[in-house]
Amino acid sequence: MSTFSPTQLFDFSSDAEEEVLLLQAAIVLIVLIGIQEARQQRIHHRHRHRLYLRRRELLPNPRVGTPWQRLWESQNDRAFITTMGFDVKTFRFILEGRGRFAEHWESTVIPRSDASASGGPRLGSRSLNACGALGLTLHYLRSAMLKVSLQQIFALVPATVSRYLHFSLRILHTTLATMKETTISLPRTQEEFEYESELICERHPLLQGAFGSIDGLSLAVEEADDPEMENATYNGWKSAHRINNVLVFSPQGVLLYLRS
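The sequence shown begins at 96 in my numbering and counts up by one.
These are calculated hints, taken from the structure and not from any lab test. Heads up, some of the hints might be wrong.
Claimed, not checked - With beta-carbon atoms standing in for the labels, derived distance ranges:
{"#": "1", "residue 1": "Leu353", "residue 2": "Glu132", "range": "33 to 39 Å"}
{"#": "2", "residue 1": "Thr277", "residue 2": "Asp321", "range": "26 to 32 Å"}
{"#": "3", "residue 1": "Val204", "residue 2": "Trp332", "range": "22 to 28 Å"}
{"#": "4", "residue 1": "Lys333", "residue 2": "Arg237", "range": "17 to 23 Å"}
{"#": "5", "residue 1": "Arg158", "residue 2": "Leu127", "range": "43 to 49 Å"}
{"#": "6", "residue 1": "Thr277", "residue 2": "Gly304", "range": "25 to 31 Å"}
Note that CB positions come from ideal geometry on N, CA and C, so glycine has one too.
Full structure from sequences and hints, please.
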């Protein structure tokens, strides 16, 4: 009959504890590897569905040789209307002058979470000047193009596109809100209604009492990331994301009323 000495029992117990520790360490290592692999798979999955370009995939300087620069230098009405909805004269009318877009762009600090808003604007460090920022904004408003297309046209990384759009939309709204020419309002007096009616009757004598015409316009919009907004803008009849608008025009071609 074999027997174990106390020393042998101690060695056996130590070996068993060491095996348990090694097993526990192996389990922890396997779990950590699994977590890391799952994280990498999530990142890879997200990246496959993110449509953006990095700086090395874009033109090196947003102020030199970009498609936008070629368009701006052309000063061609047809090209401006096709891409931004305005001719050159109207674009410059919004851009230049006291209280216009360029003044706001050059005098206001672009909000950033990593920079103080107390200092003055650093125009030399911005990727776009005032006309480029207005061009970016009007390209965005004119069509339902993806932001990756704006990256290609203006040679901007995604963060800059988003930050400039958010800032430029705000100052464009401020600019247009102070311009008499951009006011949208119905006739205010009886004389104004009668004048509009007379213009219509000159061409259509049977349309007595009319002061304008009404039409609908369905505009394509980019699919929103927010599920509620995405659902609100989806048009089942056209199987696309759109915003429906009702517009009223005067016989002089002036927009009198707008409802989205």
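The hints, checked one at a time:
{"no.": "1", "hint": "Leu353 with Glu132: 33 to 39 Å", "verdict": "53 Å, violated"}
{"no.": "2", "hint": "Thr277 with Asp321: 26 to 32 Å", "verdict": "29 Å, holds"}
{"no.": "3", "hint": "Val204 with Trp332: 22 to 28 Å", "verdict": "45 Å, violated"}
{"no.": "4", "hint": "Lys333 with Arg237: 17 to 23 Å", "verdict": "19 Å, holds"}
{"no.": "5", "hint": "Arg158 with Leu127: 43 to 49 Å", "verdict": "47 Å, holds"}
{"no.": "6", "hint": "Thr277 with Gly304: 25 to 31 Å", "verdict": "28 Å, holds"}
Of the numbered hints stated above, those contradicted by the structure are hints 1, 3, listed in ascending order.
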